[in-house]
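What follows is the residue order along each chain.
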Amino acid sequence: MVFDYSWLIGGPQGSGVDTAANIFSRVGTKLGYHVFGKREYHSNIKGLHSYFVVRLSDNKIRSNVNGANIMVAFDAETMIRHGLSISKNGAIIYDSSIVNTSIDEIPTIEADHRVRLAEFFKSKNMEPKVSSIIELAKESGVNVYPISFRDALSNIADELKRPELSRMTRMFNVLGVSFSLGVLKAPMAPLLESIEEIFSTKPTIADLNKKAANFAYNHASAKFSGFNASLNETDKEPNIMLVQGHQGSALGKMVCGCRFQSYYPITPASDESEFLETHEILQVKEDRPGSTTIVQTEDEISAIGMAVGASLTGTRSATSTSGPGFSLMAETLGWAGINEVPVVISLFQRSGPSTGLPTRHGQDDLLFAINAGHGEFPRIVYASGDVEDSFYDTGKCFNFADIFQLPVIHILDKFIASSVVTCNRFEPDLVSIDRGKLLEKIDGDYKRFAHSPDGISPRSKLGLENGVFWNTGDESDEYGHISEDPVNRIQMMDKRQKKVEQILTLVPKNDQVVAYGKSDICVVSWGSSKGPILDAIEMHRNEGNEIGFIDIKLLEPFPTEYVKSLLKDSSVIVDIEANMTAQLGSLIRKNLLKDPDYYVLKYTGRPMTCIEIFDSLKKILEKKAEKRQVLLYGD
Amino acid sequence: MATKLGDYKTGVHNDWCPGCGDFGIVNAIQMSLTEMQIPKHKAAIFSGIGCSGKTSHFINTYGVHTLHGRVLTFAQGAKIANPEMTIIAAGGDGDGLGIGAGHFVAAGRRNVNMTYIIFDNAVYGLTKGQASPTLKLGEQTKSLSNPNPNYNVNPIALAISSGFTFVARSYSYDVRQLKDLITAAVNHNGLAFIDVLQPCPTYNDLYTRDWFGGLDQINEETKKPTPRIYNLADVGYDPAVHYSTTTELNEKLAQALEKSLEWGDKIPTGIFYKNELVTPYTKRITDKVPNYLENPAAKQKISKNGKTTTDISDILDSLSV
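Residue numbers (our numbering), protein chains in the order written: chain A, 37 to 671; chain B, 6 to 326.
Only chain A is shown next, with the shape it has when bound in the complex:
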């Protein structure tokens, strides 16, 4: 039987939930499991609820399931929010001091949620308290393990003769993860190693946490020895990395030669820029060190302006943002379009409109990315489905920008950015670098926008001798000087538009759309919905049902003919995406003149789980589905 196990930890923001999840993920990785972890959090620094679900499996996994098998809660809110999502025969490890806390004592639960909870407890004829949750969990076959976190801390303080430790509630997280691993009878060495690695720059803190972990692990494994599941050493695959979502595109940028990135702080994009800055000095084979110049700007208008300015010097340049910032970039996007400047915009989507759900997931910027900016100009919109894709796709996006001389919007999102996954070691040798018609030497008369059969002119760069050119946001002649001549206008508009055909011809088909098997029923999607869709399709396959899936990566220009050919043998098309209006669906209707048969949509701000998609596809298979299913799972 395949081992597939999810662990949940929750707590107030700023209490170290991430660190605990990081430890758990590392332990899972060290033991050889495939890991998929995902963080959910409020737009808040300290105090509001956040939680992390880490899923471990023998098989490759790309999403979360509904709920978890085991949970650790040191605060009442985690218990209230997630206590009933723990599966039968699972376990809840909780701090015994929270038992009598009622929902009225938890101000951080939103008013609407509070009303729903009150109704729920009333319907069960129970007090709105943690104790009721424990009761209900027990009834549904969950093991409940009370532990006093405070007593544990005091014991550790006594043992180490450091009384101040008894007040260090921040250590609850290390205690929580260690209790969990004790209950799960995991080998202890990976736990201690993981702590040492995570706190490698702070040896005294590492030491303290190791002692606490040791205590907690032994305490829980002795006290709750009868638990039915355990984590064991497996046959570890070689080259397994544990990567955070934002690191994929950052590493992709380093490898493909992006040497300038400007950004303005915004969730969930800034982590990528910060990672780049942390590693700003780069090792280069057989050469002196290189570097990426990272500039934090005064706003996103400046961020894209600087990236475009840097690109004019021949530097591979990018900016990284989310929806609100991208909105501010629209005018400069058009400037880069008319001036044929290669620039990559990494667009980490989150839920809009406006500030929307600032720390939550969404795929609702697709049509905006395709249409942002006034006037008509070609651009590429390209989406990555997961962390591993984002590494390789980043290099492709820079090649597209250089080859076709236009802005490329590389779409990522919050789901990708805040996941932690195991994947094969990235292979930089698979990344090729193609700078297109960028010139290193020019003789004679030079025209930056010289007409050419493919619409793409040889490109000079600032500083190149004999390569002087002019740029302007006005329509221009071949030299780049302003021209309002109507004949020139048509020539220039047509010249730029020729790139669309070039893109659809030159970008390899497998880079445009990835087809995962064909079938009578075929899912179409884009971006990060890929993970839960692939997991759900695999679950159906295990039940004997084949479902096809095409992941459309090139979204502008839209590869109409290729998508058509991939869908020609499917009689049922299911569009799955994380937005309200089915934006990819509208592209399919517009380009293929075909209305998908079913829509599965989610716009709660929480990513889809594979279970939700499995269930919605099941309804479709059984012909019991509504045309439009809206998914709701998750807190």
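A few of these clues could be false.
To be verified - Straight-line distance between alpha carbons at most 25 Å, and here's what the computed DMTMM-like set of lysine to aspartate or glutamate pairs gives: (1) B:Lys312 - A:Asp510; (2) B:Lys288 - A:Asp335; (3) B:Lys312 - A:Asp323; (4) B:Lys312 - A:Asp547; (5) B:Lys306 - A:Asp465; (6) B:Lys309 - A:Asp323; (7) A:Lys473 - B:Glu89; (8) A:Lys321 - B:Asp316; (9) B:Lys293 - A:Asp521; (10) B:Lys14 - A:Glu592; (11) B:Lys288 - A:Glu334; (12) B:Lys309 - A:Glu163; (13) B:Lys45 - A:Asp547; (14) B:Lys306 - A:Glu463; (15) B:Lys288 - A:Asp323; (16) B:Lys306 - A:Glu310; (17) B:Lys312 - A:Asp465; (18) A:Lys321 - B:Glu263; (19) A:Lys483 - A:Asp510; (20) B:Lys293 - A:Glu597; (21) A:Lys626 - A:Glu597; (22) B:Lys304 - A:Glu520; (23) B:Lys133 - A:Asp335; (24) B:Lys133 - A:Asp521.
The set of hints was computed from the structure by calculation and includes no laboratory data. This structure is a prediction, so every number in the text was calculated from the model and none was measured.
Assemble the complex: chain A is given as a structure, and chain B must be docked to it using the hints.
Just chain B now, with coordinates in the frame of chain A:
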């Protein structure tokens, strides 16, 4: 071979109004480039939007006519990526102090080694004469239906308080002084700002050439006009910060701010403030990336035979568990 003034001119037809102050500024930039003998391909003129935005098309160096208010963002990006370039940014007062004011302030804080020239005529010319940020409260130029309801920005004071390390003012009809100031600004190690007062003969009927020339201020004895414009260098004004003592720095800042308030019968031009003791942005980068100047973004080799030469194996190792 030495470059001549003509080498910096393009054949592009100049469509500014006769008598426009912009002409003097373009001439001064070209004269300064000639004086410094900067090769055409080593200089880039970035410009904003409006009449002044066309400046880059008249100069035969790399020319980047950007977006309204955004000229400093493009220019800084280019300079940081390729610090070998001589970068001059130019734009109107509405461009730099209205729609682009946020970038103006942020640029001062960064102190990137380049020059920014504002064409300051107190009106939005190309859109037919609306009030710009340097028009004073209550003033009414000829196309305004009412007196200006907004207080004016003081460009000199704003530049000083934003961190610009070279702050000067000039007058577009004094091309020789302006040329000298541009040369000094380009040679300054940090961000230099020149506010150039200029008549807009079409829309600004208050700050005219005659007004700057003091035709309304006839000296009773000599019967000659008393020009409003004077040069700070002629009155023994020392704008430079020489030592990094707080006392001296505060004195120089206070002196410059006080001078920036002088307006009316007498209008100072020249360098108000100059401080090369503040670290330029270059230094702030080399403190972290020692070889940035020898191997900046634009000069780095990123591939060999189409494959990456960047070696991230250390980082990948650290991510392996």
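We went through each hint and held it up to the structure:
1. Between Lys312 (chain B) and Asp510 (chain A) the alpha-carbon distance is near 37 Å, which puts this suggested pair outside the 25 Å criterion.
2. Note on Lys288 (chain B) and Asp335 (chain A): the hinted pairing holds, with a Cα-Cα distance of about 23 Å set against a maximum of 25 Å.
3. With a CA separation close to 14 Å, the supplied pair Lys312 (chain B) and Asp323 (chain A) stays within the 25 Å bound.
4. Of the pairs offered as hints, the one joining Lys312 (chain B) and Asp547 (chain A) holds, with about 18 Å between alpha carbons and a cut-off of 25 Å not exceeded.
5. As the CA atoms of Lys306 (chain B) and Asp465 (chain A) are separated by approximately 16 Å, the hinted pair is consistent with the 25 Å bound.
6. Restraint check: the Cα-Cα separation between Lys309 (chain B) and Asp323 (chain A) comes to about 11 Å, which is no more than 25 Å; the hinted pair holds.
7. Straight-line distance between C-alpha atoms of Lys473 (chain A) and Glu89 (chain B) comes to about 23 Å, which keeps the hinted pair within the 25 Å bound.
8. The suggested pairing of Lys321 (chain A) with Asp316 (chain B) holds, with an alpha-carbon distance near 6 Å, which does not exceed 25 Å.
9. Under the criterion of a C-alpha separation no larger than 25 Å, the hint pairing Lys293 (chain B) with Asp521 (chain A) is inconsistent with the structure, at around 49 Å.
10. Distance restraint check for Lys14 (chain B) and Glu592 (chain A): the Cα-Cα separation of roughly 41 Å exceeds the 25 Å cut-off, and the hinted pair is therefore not satisfied.
11. About 20 Å separates the Cα atoms of Lys288 (chain B) and Glu334 (chain A), which keeps this hinted pair within 25 Å; it holds.
12. For the proposed pair Lys309 (chain B) and Glu163 (chain A), the alpha carbon gap of about 69 Å is over 25 Å, so the pair is violated.
13. The suggested pairing of Lys45 (chain B) with Asp547 (chain A) is violated, with an alpha-carbon distance near 42 Å, which exceeds 25 Å.
14. With a C-alpha separation of about 20 Å, the suggested pair Lys306 (chain B) and Glu463 (chain A) falls inside the 25 Å cut-off, and the hint holds.
15. Using a Cα cut-off of 25 Å, the hinted pair Lys288 (chain B) and Asp323 (chain A) holds, with the two alpha carbons roughly 23 Å apart.
16. In summary, the hint linking Lys306 (chain B) to Glu310 (chain A) is supported, as the alpha carbons are separated by about 23 Å, within the 25 Å threshold.
17. Note on Lys312 (chain B) and Asp465 (chain A): the hinted pairing holds, with a Cα-Cα distance of about 7 Å set against a maximum of 25 Å.
18. Among the hinted pairs, Lys321 (chain A) with Glu263 (chain B) is inconsistent with the structure: their alpha-carbon atoms are about 56 Å apart, more than 25 Å.
19. Proposed proximity of Lys483 (chain A) and Asp510 (chain A) is supported: the alpha carbons are some 16 Å apart, at most 25 Å.
20. Note on Lys293 (chain B) and Glu597 (chain A): the hinted pairing is violated, with a Cα-Cα distance of about 50 Å set against a maximum of 25 Å.
21. For the proposed pair Lys626 (chain A) and Glu597 (chain A), the alpha carbon gap of about 13 Å is at most 25 Å, so the pair holds.
22. Between the alpha carbons of Lys304 (chain B) and Glu520 (chain A) the distance comes to roughly 36 Å, so the proposed pair goes past 25 Å and is violated.
23. For the hint pairing Lys133 (chain B) with Asp335 (chain A), the CA-to-CA distance comes to about 30 Å; that exceeds 25 Å, so the pair is violated.
24. Straight-line distance between C-alpha atoms of Lys133 (chain B) and Asp521 (chain A) comes to about 23 Å, which keeps the hinted pair within the 25 Å bound.
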